[in-house]
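If you're matching them up, the sequences are chains A and B in order. Residue numbering for the first sequence follows numbering that gives the first Met the number 0, beginning at 0 and increasing consecutively. Residue numbering for the second sequence follows numbering that gives the first Met the number 0, beginning at 0 and increasing consecutively.
Calculated from the structure, these hints are not laboratory results. The structure displayed is predicted, hence computed values, not measured ones. One thing to keep in mind: the hints can contain errors.
Pairs of lysine-lysine, BS3-like flavour, derived with a Cα cap of 27 Å [what the hints assert, rightly or not]:
id, chain 1, residue 1, chain 2, residue 2
1, A, K52, A, K134
2, A, K254, B, K134
3, B, K77, A, K213
4, B, K201, B, K230
5, A, K77, A, K17
6, A, K201, A, K213
7, A, K230, A, K17
8, A, K203, B, K134
9, B, K205, A, K203
10, A, K77, B, K134
11, B, K78, A, K77
12, B, K13, B, K134
13, A, K230, B, K78
14, A, K213, A, K230
15, B, K52, B, K13
16, A, K134, B, K254
17, B, K77, A, K254
18, B, K203, A, K78
19, A, K230, B, K77
20, A, K78, B, K205
21, A, K200, B, K201
Stretches of chain B that chain A covers, calculated by requiring three or more beta carbons in the stretch to come under 8 Å of a beta carbon on chain A [to be verified]:
id, region
22, 180 to 191
23, 221 to 231
From chain A, some residues computed to sit far from chain B (all C-beta separations above 12 Å) [to be verified]:
id, residue
24, N3
25, Q36
26, R71
27, R79
28, E82
29, R130
30, Y152
31, E156
32, D197
Ideal placement from N, C-alpha and C gives every residue a C-beta, glycine not left out.
2 protein chains.
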Amino acid sequence: MNGNPTLDTLMNRKSTRKYRPEMPERGVIDAILRAGQQAPFASQLYSVILSTKGKFAFGAPVSLVICVDAHRLRLFMKKRGWEIVTNNLTLLLLGIQDAAYMAQNLVVAAESLGLGSCFLGESSMSAERVRHLAKKHHLPELVLPLVELVLGYPAEEATPRPRFPLSFTVFENTYPELGDEALEEAMAVMDSGYLAQDYYKKSKAKIRIEGDRKDEFTFDDYSWTEHISRKWGQWAASPNDLLEVLAERGFSLEKQ
Amino acid sequence: MNGNPTLDTLMNRKSTRKYRPEMPERGVIDAILRAGQQAPFASQLYSVILSTKGKFAFGAPVSLVICVDAHRLRLFMKKRGWEIVTNNLTLLLLGIQDAAYMAQNLVVAAESLGLGSCFLGESSMSAERVRHLAKKHHLPELVLPLVELVLGYPAEEATPRPRFPLSFTVFENTYPELGDEALEEAMAVMDSGYLAQDYYKKSKAKIRIEGDRKDEFTFDDYSWTEHISRKWGQWAASPNDLLEVLAERGFSLEKQ
């Protein structure tokens, strides 16, 4: 099978964590945003807050806060004599998809124009961060900041990061039993891949172990599966803060 | 600003709702899936069920059920001596993003290779559909079918659909008051755009009004904002079924 420039763009993409200070031309930013809009959608349930003044992560000159947005839906439904009847959970789950498809198009469009980007996903999902962004950008009810994407010209050369083997990700017809062999192979691909790039050693990104458990890893063997395990094994045990901030934004998820 | 083939691919993309029966080569399907994997992620919290035998929507020869998948996370964390502590809501909200970024890369990769695609988003989000797919594909706990993407070579020529004006979608620093003028302009762009393509007339996709309210629209004036209003103004009032099926899949969203 022959490749093409779009496939090359997709395959070469990696998060950029160091930026040159120069501001991309406005035409470049607008072309990226327009390409974002052409992603498929349920109801265009997203909006974007663009900031070009301020300090953003990794020295990036541009920040895009991608929001789930049902505020505009409510406004135009009112013009048509309708009110939103659909429950918040469905609205949120479809809204996140609309916003995420658009966001990924932004990533691809930016890459094709020589810009790097990085999602700030995990931090955006905290109640504190949601409140901060909602206040800073005057977000009305039914607008939820989902994820921040920073953009700019890269000041580092990075290589694409490894991924699970396709055989561990795509299953034909039936989800298989994943035995030890498949599991260990997939873990080895990720861990040896990140180690070969000295990824955690360079970024000094080791996550501290809380409590009494001893940290037996050095940067010679600390890699992706251990790093990810420490996140999901230690962080954000209670959903209550997030449920509360979702309700504040207009998306209460309680049973009715 | 100069365009490029990737931007052209993004700008030309539209959902395909009529397919030729021929099966894409396996190399083509795998190239699309690999490009999907290179999307950014929090923790690769997705998997894909590929089906090439059966009848799929719009006569498409290939179906991809894109799942949020924390089952593999749980398996490899166990190998490392960890358990998932993070709450289900955070897991789900980040998992949906991982899955959606990947899914949008699939869409773009397919388009670049001459294939069409269509998300079956709204139907996938029903409790009935989730249960059906979970059973059919033997999905373990912590695997949630999020959205189905059908793929194949198009048997129709379609033009990209309209989108809201950029000025109604991207806001600098502050979310503005959206006055009547901006709102009416945005509605007119969408409605006149769909009418110019005879979109609803051709697809006979008018949504019936429930209850006593009279339907005063014909296919000469029934368009996007009315169509979307009838969905969100009539469907899925209660979140309870969806909350229940999420809990069945391992993602209970109750307060703790």
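Each hint, compared with the structure:
1. K52(A) x K134(A): holds, 17 Å
2. K254(A) x K134(B): holds, 25 Å
3. K77(B) x K213(A): holds, 17 Å
4. K201(B) x K230(B): Holds, at roughly 19 Å.
5. K77(A) x K17(A): With Cα atoms ~45 Å apart, K77(A) and K17(A) exceed 27 Å; violated.
6. K201(A) x K213(A): holds, 23 Å
7. K230(A) x K17(A): Holds, because 23 Å separates the two Cα atoms, which is no more than 27 Å.
8. K203(A) x K134(B): Violated, at roughly 43 Å.
9. K205(B) x K203(A): The hint is violated at about 56 Å.
10. K77(A) x K134(B): At roughly 40 Å apart (the allowed maximum being 27 Å), K134(B) and K77(A) break the hint.
11. K78(B) x K77(A): Violated: K78(B) and K77(A) sit about 53 Å apart, past 27 Å.
12. K13(B) x K134(B): The given pair, whose Cα atoms are some 31 Å apart, is violated under the 27 Å limit.
13. K230(A) x K78(B): This hinted pair holds, its Cα atoms lying about 15 Å apart.
14. K213(A) x K230(A): holds, 16 Å
15. K52(B) x K13(B): Holds, at roughly 25 Å.
16. K134(A) x K254(B): Holds. K134(A) to K254(B) sits at ~25 Å (cutoff 27 Å).
17. K77(B) x K254(A): Violated, at roughly 32 Å.
18. K203(B) x K78(A): holds, 24 Å
19. K230(A) x K77(B): holds, 14 Å
20. K78(A) x K205(B): holds, 19 Å
21. K200(A) x K201(B): Answer violated: K200(A) to K201(B) is near 58 Å, above 27 Å.
22. 180 to 191: Check passed, 4 qualifying residues.
23. 221 to 231: Answer holds; 7 residues pass the 8 Å Cβ test.
24. N3: It is violated; N3(A) is separated from chain B by about 5 Å at its closest Cβ, not greater than 12 Å.
25. Q36: Label violated. Min Cβ-Cβ 4 Å, cutoff 12 Å.
26. R71: Since the minimum Cβ distance to chain B is about 7 Å, R71(A) lies within 12 Å and the statement is violated.
27. R79: violated, 5 Å
28. E82: violated, 6 Å
29. R130: For R130(A), whose nearest Cβ neighbour in chain B is about 15 Å away, the distance exceeds 12 Å, so it holds.
30. Y152: holds, 14 Å
31. E156: Given a closest Cβ separation of 17 Å, the condition holds.
32. D197: D197(A) clear of chain B: closest Cβ-Cβ about 20 Å, beyond 12 Å.
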